[in-house]
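Protein chains in written order, with the numbering used here: chain F, 1 to 176; chain A, 1 to 662; chain Z, 1 to 156.
Please keep in mind that the hints were generated in silico from the structure rather than gathered at the bench. Quantities reported herein were computed from a predicted structural model and do not represent experimental measurements. Hints should not be assumed to be uniformly reliable.
[To be verified] Okay, derived cross-link-like pairs now, PhoX-like style, lysine-lysine, Cα gap no bigger than 20 Å in a straight line:
1) F:Lys57 / F:Lys39
2) F:Lys64 / F:Lys39
3) A:Lys382 / F:Lys39
4) Z:Lys85 / A:Lys382
5) F:Lys119 / F:Lys90
6) F:Lys101 / F:Lys173
7) Z:Lys98 / Z:Lys85
8) A:Lys382 / F:Lys153
9) Z:Lys85 / F:Lys39
10) Z:Lys148 / A:Lys382
11) Z:Lys33 / A:Lys517
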Amino acid sequence: MRRRLIFVLPALVFLALAAAFYAGLDRDPQLVPSALIGKPVPQFALPALLDGNDGLKTADLKGKVVLVNVFASWCVPCRAEHPLLMRLAKEGVELDGINYKDKPEDAKLWLTNLGDPYKRIGCDLEGTVGIDWGVYGVPETFVIDRAGTIRFKQVGPLTPDVINDTIVPLVRKLSK
Amino acid sequence: MIAEIGHFALALALCVALVQASVPLSGAARGNGALMALARPAAQAQFVLVLIAFLALMYAFASSDFSVFVVAENSHSTMPLVYKLAGVWGNHEGSMVLWVLILTLFGAGVATFGGNLPPTLQARVLSVQAMIGAGFFAFILFTSDPLARVLPPPADGRGLNPLLQDPGLASHPPMLYLGYVGFSMAFSFAVAALIEGRVDAAWARWVRPWTLAAWCALTLGIAMGSWWAYYTLGWGGFWFWDPVENASFMPWLAGTALLHSAIVVEKRDALKSWTILLAILTFSLSLIGTFLVRSGVLTSVHAFATDPRRGVFILLLLVVAIGGSLLLYALRAPALQPSGLFAPVSREAALVLNNLLLASAAATVLIGTLYPLFLDAIGGPKISVGAPYFNLTFTPLMAPLLLAVVVGPFLTWKRADLLGALQRLWVAALAALAAALITLYLHSGGPLLAVLGMGLAAWLVVGAFVELAERIKLLRAPWRESWQRARNLPRANYGMAFAHAGLGFTLAGIIAMTAWKVELIQVMHPGETVPLAGLSVRLDRVEPHMGPNFEGRRAAFTVSRDGRFVAAVFPEKRNFPVAGQDTTETAIHTLGIADIYAVLGDSDGKGGWTVRLYYNPLAPFIWFGAVVMVFGGLISLSDRRYRVGAPARRRLPAGVATAPGD
Amino acid sequence: MMRLLAFQLVVLLALLASPVLAVQPSEMLADPKLEARARSISEELRCLVCQNQSIDESDADLAHDLRVLLRARLLAGDSDAQAIKYIVDRYGQFVLLKPPVEPATYALWLSPLLLVLFGAAGIAVYLRRRRAQLEPAALSAAEEAELKRLIEEGGP
Numbered sequence: 001m002r003r004r005l006i007f008v009l010p011a012l013v014f015l016a017l018a019a020a021f022y023a024g025l026d027r028d029p030q031l032v033p034s035a036l037i038g039k040p041v042p043q044f045a046l047p048a049l050l051d052g053n054d055g056l057k058t059a060d061l062k063g064k065v066v067l068v069n070v071f072a073s074w075c076v077p078c079r080a081e082h083p084l085l086m087r088l089a090k091e092g093v094e095l096d097g098i099n100y101k102d103k104p105e106d107a108k109l110w111l112t113n114l115g116d117p118y119k120r121i122g123c124d125l126e127g128t129v130g131i132d133w134g135v136y137g138v139p140e141t142f143v144i145d146r147a148g149t150i151r152f153k154q155v156g157p158l159t160p161d162v163i164n165d166t167i168v169p170l171v172r173k174l175s176k
Numbered sequence: 001m002i003a004e005i006g007h008f009a010l011a012l013a014l015c016v017a018l019v020q021a022s023v024p025l026s027g028a029a030r031g032n033g034a035l036m037a038l039a040r041p042a043a044q045a046q047f048v049l050v051l052i053a054f055l056a057l058m059y060a061f062a063s064s065d066f067s068v069f070v071v072a073e074n075s076h077s078t079m080p081l082v083y084k085l086a087g088v089w090g091n092h093e094g095s096m097v098l099w100v101l102i103l104t105l106f107g108a109g110v111a112t113f114g115g116n117l118p119p120t121l122q123a124r125v126l127s128v129q130a131m132i133g134a135g136f137f138a139f140i141l142f143t144s145d146p147l148a149r150v151l152p153p154p155a156d157g158r159g160l161n162p163l164l165q166d167p168g169l170a171s172h173p174p175m176l177y178l179g180y181v182g183f184s185m186a187f188s189f190a191v192a193a194l195i196e197g198r199v200d201a202a203w204a205r206w207v208r209p210w211t212l213a214a215w216c217a218l219t220l221g222i223a224m225g226s227w228w229a230y231y232t233l234g235w236g237g238f239w240f241w242d243p244v245e246n247a248s249f250m251p252w253l254a255g256t257a258l259l260h261s262a263i264v265v266e267k268r269d270a271l272k273s274w275t276i277l278l279a280i281l282t283f284s285l286s287l288i289g290t291f292l293v294r295s296g297v298l299t300s301v302h303a304f305a306t307d308p309r310r311g312v313f314i315l316l317l318l319v320v321a322i323g324g325s326l327l328l329y330a331l332r333a334p335a336l337q338p339s340g341l342f343a344p345v346s347r348e349a350a351l352v353l354n355n356l357l358l359a360s361a362a363a364t365v366l367i368g369t370l371y372p373l374f375l376d377a378i379g380g381p382k383i384s385v386g387a388p389y390f391n392l393t394f395t396p397l398m399a400p401l402l403l404a405v406v407v408g409p410f411l412t413w414k415r416a417d418l419l420g421a422l423q424r425l426w427v428a429a430l431a432a433l434a435a436a437l438i439t440l441y442l443h444s445g446g447p448l449l450a451v452l453g454m455g456l457a458a459w460l461v462v463g464a465f466v467e468l469a470e471r472i473k474l475l476r477a478p479w480r481e482s483w484q485r486a487r488n489l490p491r492a493n494y495g496m497a498f499a500h501a502g503l504g505f506t507l508a509g510i511i512a513m514t515a516w517k518v519e520l521i522q523v524m525h526p527g528e529t530v531p532l533a534g535l536s537v538r539l540d541r542v543e544p545h546m547g548p549n550f551e552g553r554r555a556a557f558t559v560s561r562d563g564r565f566v567a568a569v570f571p572e573k574r575n576f577p578v579a580g581q582d583t584t585e586t587a588i589h590t591l592g593i594a595d596i597y598a599v600l601g602d603s604d605g606k607g608g609w610t611v612r613l614y615y616n617p618l619a620p621f622i623w624f625g626a627v628v629m630v631f632g633g634l635i636s637l638s639d640r641r642y643r644v645g646a647p648a649r650r651r652l653p654a655g656v657a658t659a660p661g662d
Numbered sequence: 001m002m003r004l005l006a007f008q009l010v011v012l013l014a015l016l017a018s019p020v021l022a023v024q025p026s027e028m029l030a031d032p033k034l035e036a037r038a039r040s041i042s043e044e045l046r047c048l049v050c051q052n053q054s055i056d057e058s059d060a061d062l063a064h065d066l067r068v069l070l071r072a073r074l075l076a077g078d079s080d081a082q083a084i085k086y087i088v089d090r091y092g093q094f095v096l097l098k099p100p101v102e103p104a105t106y107a108l109w110l111s112p113l114l115l116v117l118f119g120a121a122g123i124a125v126y127l128r129r130r131r132a133q134l135e136p137a138a139l140s141a142a143e144e145a146e147l148k149r150l151i152e153e154g155g156p
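For reference, chain F alone in the conformation it holds in the complex (with noise of 0.2 Å):
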C-alpha cells in the first residue's frame, strides 16, 4: 500500500499545481504592491504649479483626510480617470495632486482643458519625490489618514468599482 503512495505523489503535486495556475489566472504579475502602507508619508516639499498657489509639502497631508493624485499631461491613462477625479472633488473629498515629470506649461493646458479638481498640485519635475512614494507608473492615487499614515495605493487609473467599493467607504471609515 505504503508502495501505491509514492506513485500517485506526481498526480498530487501536479493538481497543486494547476490550482496555483487557476488563482494566478486573475491576478495581475505585475502588480507591485505599495511598501509604503502603514508608514508616514514621505517627507518632502514641492513647488506650486500654478501662479499664487502654495505647492505640496508633507505638513499639508496631515490632520484630514486625504487623497494624493500622480498624474501628468502625458498620461492617456489619467485623461481616462479624470472626470472620477472632478467628481471625487465635487462631493468634497480634499483631493491634492502630484504633477509628475511633466513640463509646468503642458500641465496647465491639460488642467485648463479638462478642469482642476485638485485644492494643492505640487511639481515634481526630475520624479525625485515620486520614487519616494514608492510610484513606478502614472497614474496613482494615494489615501491618508489624519495621522498623515498611508492607508491605500490604487495603481493605475481609478475606476467607479475601486472609488464605490474601496476609497469611499475607507474615506467614510477614517474620517470618523
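Once you have looked at the hints, place chains A and Z on chain F.
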C-alpha cells in the same frame, strides 16, 4: 477562399483526431486488427490537413491578405517577404498552427516509419497522440482561430514587431517547437506502455529515436534563441532565466535525463517505472511552458498577447493531459516488473546520478519560476525570483554532474571499478589541470570558480574523446587494428563523445563570458580611438542609412591590433515608422576565440555618439558547443540499429510463468 | 476589442523592452570601484515597468531614475546593503531579483538541496529493499543450528 479551405482543413483535422483517438484504442483493447490499422492512415491524414491549413495561412501572409485578421494584425505590405512568412508564427494564433503541425508531423512519422512496432503499441501510441491533437485543435478553433476574417479589411496591416524582423528570430520558433512538441511522442509512447501494462527493452529502443530527434531540435532551438538574444539585445547577454526561456529549458533538462534513463531500460531492463514517469513529465513541462507563455500568469519579455479565456482552456487541456496521464501512472506503474540490481558504483548508478541531478535541476528551475505565483496565490508577499537565484542554485547542481559525465562511460554495468576508471582518465585529468593553469596565467586576478570551471570544460572535452580512444585501443594496439575498431564502433558511441564534448565547449564559453567580458561605454567622436582588451577601436564616421521599411544611422568602426587591421564593424540604429519603434543593430566580428561587439547609441547633440564596445572571450564556443552537441545527437540518430528495426519482442515459450504486468 | 487592447499592450511593452542602450555614459560614476558596485547592484534590482529586466539592462525612464538614485546613494557613502534597503523601503521586496532569505522563501532556497537529498535517500531505500527481496534471507542462529544437525544426522 484559400483561407476558408485552410479553416475547413483544421475542422476536419479535429474530426479525424477524435476518430483516431478512440477507434484504434478500442481496437487494441479487443485485438481487432482492422480498427487498429485505422491509426496509420488517420495520423498521416491529420498531418496533411494541418499542412494545408498551415500553407493556407502562409499564403495569406505572403499575399498580404489583410482580410485575414492575424495578417492584418501582424503584417504589412512593405515588409520583406521572408518576414511576412515568419509572421505566420510570430503571433499566438499562427504559432499554435505550427504547434499542431509539428505534433501531427511526429504522429505521421511514427505511422510511416514505425513499421517495426507491434500493431497494438502503434495503435495506442497514435491514439494518445491524437488525443493531444484533438485538444489543441479544439483550442485553436474555439479560442485562437488563425484564419478568421475581418471585414471590411483594413488597407494595410499593423506590421510585425521590428524585433521579430530578424533571420535568427524568424527561424527559432519552428526549431524550438520541433523540439518541445516533439517530446509529445515520448509521452504518447509512455502512456501507451502504461495502457499496455508493459515496458521492456524493445520499448526503450523504439522510443529513443523520436526522443533523440526532438532533443536535437530543442537544443538547436534554445541555442538559436540564445544567439538571437546575444546579437540583438545590445549588451551581449545570452541567457536571462526569463520564464519563457525556462519553459523551453526545463523540457530540455528532463529530455536529456530521459535519453539517459532509456539507455538503462534498454540495456539492463531497469528503471522502467522512472523512465515512464520522466517521459510523461518531459512533455508535461512542454505543456506547462505553453500555458505559461500564453495565459498571462507570468510576466516575460517573450509572452504573447494574453487572454484569460485562452488561459483557462489551456489549463483544462493540462489537467486532462497531465493529470490524466499521471493518474494512469499511479494506477498502472506499480504493476510494472521491478528491475534488476546494481552496485552503488556502476554505470547504472552513474546514470541514476545523472537523472537525479538533471531532474533536481529541472525541478529547481520550475520552483524558481513558479514560486512568486505560488506565494501570491496563497496570500503571501509578492516577490521576484530572477537570474541571481537561478545562477546560485543551478550551478552547484550541474558541477557534480559535469564531473561524472566523463567517468560514466568508463564504468561497467552492474558493478564497476571506479579507481580503475579514473586511472584510465589520467589524460583528461592532465588536460584539466593544464587548462586551469593556463587560465590562471592568463587571468591571474580572475575568480577561482572560473579557473576551476575551465578545468572542468577541458575535462569534458578531452574525457569524451579519451573514451573513444580507449575503445579503439589507440596507441595500445597496431594502427590497423585501431582503425578497424574505429570503423566498426557503433555510431552511438561517436554520438555520445561529440555530445559530451559539445557540452564542454559550451561550458567554456559561458564561463569566459561571465568572468572575463570587457565592456567599454563612452561617448566617441569620429576620428577618436579607444583601447579594448589589447585592440584599438577607431570610430571612423556615422552616416544615415535607409532600408525597405526603416530609416536609421550607421557607424563605421575600424578595429586593429598593433597597427594591423583586424576588422571593420558597422553597428546601426533603425527607426520603423509603421510600428513607431527603434531597434539597435549590433555589429559583431568574430575572431573565433572571441567576439568584438559594437553598439551605436544616441547622439549627444554635439557631434559625439554614445557607443558600447565589448570584447567577448570564447563567446562563439557557446553556440559552437551546442552545434557539436546536436551533431553528436544526429550521428547517434543515424545509427543503423534504430533504422533496421528494433529487435522483436522477446517471445516467452508457452507455459512459462510471467511476472505480473506481462 | 480585447485583442486590440492586448496587442497595444504588447507593442507598448515591446517598446519598453526594445534593445536600446541602458547605462548611459552620463550616468556613470567617475570612481570605477563605485561604478562597479553600482553595476552589480543594478543587476539585482528589477525594472518595475519592464518584463523581468533588471535596471541595468532596461532603458525605461524609471530604470534610468533608479540607476541615478542608486549611484547617488553610493556617492553619499551608503554600503551596498544600505543602498538596496533604501530602494526596498520605497518599492517593496518585489524589486529584488534575488529573493531575500526569510521564512516565506525558505522553501525556495532550500529546495535544490532537499530535492537532491530526498532523491538520493529514495534511491538508497529502494535499492536496499530490492536487495532484500532478491537475496535470500539469512538464517537465524537457531535455524543454522537446526540445519547443521540435519546435515550431520542425515546421510546414507
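Status of each hint after checking the structure:
1. Of the supplied pair hints, the one linking lysine 57 of chain F and lysine 39 of chain F holds, its CA atoms being roughly 17 Å apart against a limit of 20 Å.
2. Between lysine 64 of chain F and lysine 39 of chain F the alpha-carbon distance is near 16 Å, which keeps this suggested pair within the 20 Å criterion.
3. For a cut-off of 20 Å, the pair hint linking lysine 382 of chain A to lysine 39 of chain F stands: about 18 Å separates their Cα positions.
4. Proximity of lysine 85 of chain Z to lysine 382 of chain A is assessed by CA-CA distance (about 17 Å); at most 20 Å being required, the pair is judged to hold.
5. About 11 Å separates the Cα atoms of lysine 119 of chain F and lysine 90 of chain F, which keeps this hinted pair within 20 Å; it holds.
6. In summary, the hint linking lysine 101 of chain F to lysine 173 of chain F is not supported, as the alpha carbons are separated by about 33 Å, beyond the 20 Å threshold.
7. For the proposed pair lysine 98 of chain Z and lysine 85 of chain Z, the alpha carbon gap of about 13 Å is at most 20 Å, so the pair holds.
8. Of the pairs offered as hints, the one joining lysine 382 of chain A and lysine 153 of chain F holds, with about 15 Å between alpha carbons and a cut-off of 20 Å not exceeded.
9. Proximity of lysine 85 of chain Z to lysine 39 of chain F is assessed by CA-CA distance (about 15 Å); at most 20 Å being required, the pair is judged to hold.
10. With a C-alpha separation of about 72 Å, the suggested pairing of lysine 148 of chain Z with lysine 382 of chain A is violated against the 20 Å cut-off.
11. Taking the CA atoms of lysine 33 of chain Z and lysine 517 of chain A, the gap is near 17 Å; set against the 20 Å cutoff, the hint holds.
Taken one by one, the earlier hints fail for this structure at numbers 6 and 10, listed in ascending order.
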